[in-house]
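Colleague: Keeping the supplied structure of chain A fixed, place chain B upon it in accordance with the hints.
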Amino acid sequence: MIPELGHLALILALLLAIAQAGFPLAGSLTGNRPWMTMARPLAYGQLAFVAIAFAALVQAFLASDFSVLYVAQNSNSLLPDIYKISAVWGGHEGSLLLWALMMAGWGAAVAAFSRNLPLPVVARVIAVMGMVAIGFLLFMLLTSNPFERLFPVPPEGRDLNPLLQDFGLAIHPPMLYMGYVGFSVAFAFALAALIGGKLDAAWARWSRPWTTVAWVFLTIGIALGSWWAYYELGWGGWWFWDPVENASLMPWLVGTALIHSLAVTEKRAAFKSWTVLLAISAFSLSLLGTFLVRSGVLTSVHAFATDPERGLFILLFLCLVIGGSLALYAWRAPEVSEGGRFDLLSRESGLLLNNLLFVAFTVLVLFGTLAPLIYEAFNLGKISVGFPWFNKMFLALAPFLALLLGIGPATRWKHDEPWRLTKTLWIALALSIGMLALASLPAISGGDQWVPIGIALAAWLLFSHLTLVRERLKHKHGSWRQAMLADFSGNGRSFYGMVVAHLGVAMFIVGVTMVSNHEIEKDLRMSPGDSHEMAGYRFEFLGAQKVNGPNYRADQGHFIVYRGQRQIAELFPEKRSYLGGGMPMTEAAIDAGFFRDVYVSLGEAVGGGDWALRLYYKPYVRWIWLGAGLMALGGAIAVSDRRYRTARARRTAPTEAVAAKA
Amino acid sequence: MSKSLRFLVPLIIFGALVILLMIGLGKDPTKVPSPLIGKPVPEFSLPALTDPERRVEDEDLQGEISLVNVWASWCVSCRQEHQALMALSKNSDFQIVGINWKDDAQDAREVLRMTGNPYAMNGHDPDNKVGLHWGVYGAPETFVVDRQGIIRYKHIGPITREVWEKTLEPLVAKLKAEG
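Those sequence lines, one after another, are chains A and B. Just so we're aligned: the first sequence equals residues 1 to 662 in this note's numbering. Just so we're aligned: the second sequence equals residues 663 to 841 in this note's numbering.
So here's chain A without its partners, still in its complex pose (with noise of 0.2 Å):
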């Protein structure tokens, strides 16, 4: 009864998810105010109905209920309560209504915080999600219905896939949904914008704080499933360019050229006409990614469940999205005027290299995806684009970014003298060139080129920033400590967000600087009582014995560390045996460190109680992460900036009468 109630919702939503996109839109071209103040009213609605649909099928998890097709191939009832719930989203058809749910979330949420904005914009932009939110809702009804019935039941379930049965996996698709769902946001703005015919700073205000937002949700779920892939998978990597890893990168990629790009709008007026390109961008190539994962297309090693049916439904729904809002704006761009002139030494110059180097980075990795398919299509055969070469890529402008990176914040708005640029940061530079001295000591780089350049380009993102804080608190009254304090309560929010997140860049790099030079990885086979010596740790096996855990049989090592004569952690490796299914899986043991990692993957039993295993010394591969979250942290910080809700207090009145009048 209660899948069909959720069945039933699912398809009450669509019916208000049609009126969502109808009415308001209708009312805003015609200036039907009532029809526009229907949209607020429509998207709570629509979010309060595919809630529903969605604790219907947590329910169905909790319950164990078989008699659900999905819940059957998804679930067992051996699975600890949280996996259970989790398990709604291990699957396509449940990834799905989470995607929905978010959509109708985000739609809600800009409902409820858009009491400032003009109401024909509000009618606008909610629109447009609801054309959104109408195509993944029917994508669910007419191929991925979670709610399907199942005879005869099965008297147990199929079991959770072992690899997503983990915390870091559980959270990380809502993570990245939020990214790119909240990406659909900043589409209805610029979609909205182009409708309306109105593309100025204004606009630009109002979508970028829900940007950054989507941003830092983004962020944080590339880093999760980077760092999930890292402890769970036994390889040790941390990011594989795989077809469903780049399929998050490219949003990721084009979004932060977008937050970038929007600060010149909101500012200067300049890049109007691009910046909408890059909004429509960032959210089609979230459903391009999604197109690439569920339609099977390319293979990749998160085998999802592919279906060809899908995948044109995919299609279709991407041509009139995507092909609809660019031939929009190949109408309507043409009107929309230039804005703020700029010289070649200035600001915008600055940020518009940094939006070609992410666009540029964006289309080789699109290419990459791609390329299986494109040598197919002209019948060149099969090849896959390989880890080295994304790599080789990924150095090619990587650096040239950091160094960007580090002269783009300090240069002024619109024109900028060489010497006063120099005068500024000459300091910063000095040092930086000082620390790629010292680390091509070979002692440091241990003989490798790399290692310099990414310690001196670090080195110089937290001087260079360090620099920046300094000169704007140098001529505010009292102690540093007070004047920072005082200008972080102030207006310096956005300010220190963006150092913050620059010097998440800086952590990155020194992350994967150091782990790719520096790692140490071994394959041995112990014997109980053997030890091994590596990169200054001594790891001495006890032995391995068999645990029991709740859904899961496994042999499990014993492993004791030492550095020196002291003991430092005791690791318990893991060989599991899921009771649903017959694959083992690898439970790495991980001695995380601020510095380094030390890491014990078990490999096979090769008789005597002798086993194949895999010693890994990984140093400063938590800076990877931490930077990850710096950058997101630093996006929460920009975002809480006193200066967008009183710009949009002080605003309100006047444009609304004017948008009334237009």
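Source of the hints: derived by calculation from the structure; they are not laboratory data. Think of the CB as a built atom: it goes at the ideal place given N, C-alpha and C, for glycine as much as any other residue. Hints may be right or wrong, so weigh each one.
[As the list claims (entries may be wrong)] Here are a few chain A residues that sit away from chain B, every Cβ distance over 12 Å (derived from the structure):
1) Asp242
2) Ser273
3) Ser281
4) Tyr329
5) Lys423
6) Asp523
7) Arg525
8) Glu533
9) Val561
[Unchecked claim] Listed below are the simulated DSS-like cross-link pairs for lysine-lysine, each with C-alpha atoms no more than 27 Å apart in a straight line:
10) A:Lys392 / B:Lys764
11) A:Lys546 / B:Lys752
12) B:Lys764 / B:Lys791
13) B:Lys764 / A:Lys522
14) A:Lys423 / A:Lys267
Modeller: Frame of chain A, contents of chain B only:
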């Protein structure tokens, strides 16, 4: 280019992308119709990976159902698949025969020593001599060969639990029933 034409560029690029995706959708990369399906396995003779004195030949695929698995130590998906193969190697309905493809013998032997050896035998094909005749595009690929040495199915990409349960297991059961 005139100003308004410039704004059409994104739409045109997207159009090209859609055409590409349409073609891709029609061709499922995991089910490239291999011209070899229904045909006897191509004649081959490779040195055994673990013992260069011995040879692995097409004769070895006669009389038993075989999964011929193309793999390499450098291939990440193969590592993922390896655990599945280890589990499948306990099944006595078929033998798993490896073709170690474009690989260094030393590295490959190291992988088997460290992570276990699911293969009944392993032919070493460092320069794609045999792979070419089998139409191997990349690793991993798995061919299902019946008792008469006829290729019945080709799977591209790693064998996952789902692939096994949905496709390969029913096929093996069918071949077993055929006798």
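Colleague: Could you run down the list of hints and mark each one as holding or not?
Modeller: Here is what the structure says about each hint:
With a least beta-carbon separation of about 9 Å from chain B, aspartate 242 of chain A fails to lie farther than 12 Å from that chain, contradicting its non-interface assignment. Non-interface status of serine 273 of chain A relative to chain B is broken: a Cβ of that chain comes within 12 Å, the nearest being about 7 Å off. Distance check on serine 281 of chain A: its Cβ comes as close as 8 Å (rounded) to a Cβ of chain B, failing to clear the 12 Å threshold; non-interface status is violated. The beta carbon of tyrosine 329 of chain A sits about 6 Å from the closest Cβ of chain B, which is not more than 12 Å, so the claim that it is off the interface is violated.
Even its closest Cβ contact with chain B, about 39 Å, leaves lysine 423 of chain A beyond 12 Å, as expected for a residue assigned away from the interface. Consistency note on aspartate 523 of chain A: stated as away from chain B, yet its beta-carbon is not over 12 Å from all of that chain's, at 4 Å minimum. Not every CB of chain B is more than 12 Å from the CB of arginine 525 of chain A (nearest about 7 Å), against its label as outside the interface. At roughly 19 Å from the closest C-beta of chain B, the C-beta of glutamate 533 of chain A stays outside 12 Å, upholding its exclusion from the interface.
At the 12 Å boundary, the C-beta of valine 561 of chain A stays outside the reach of chain B, the nearest C-beta of that chain being 20 Å off. This hinted pair checks out: lysine 392 of chain A and lysine 764 of chain B have alpha carbons roughly 22 Å apart, not beyond 27 Å. Pair hint lysine 546 of chain A plus lysine 752 of chain B holds up; C-alpha atoms about 20 Å apart against a cutoff of 27 Å. Note on lysine 764 of chain B and lysine 791 of chain B: the hinted pairing holds, with a Cα-Cα distance of about 9 Å set against a maximum of 27 Å.
Taken as a hint, the lysine 764 of chain B and lysine 522 of chain A pair is honoured in the structure, with Cα atoms around 23 Å apart against an allowance of 27 Å. Under the criterion of a C-alpha separation no larger than 27 Å, the hint pairing lysine 423 of chain A with lysine 267 of chain A is consistent with the structure, at around 25 Å.
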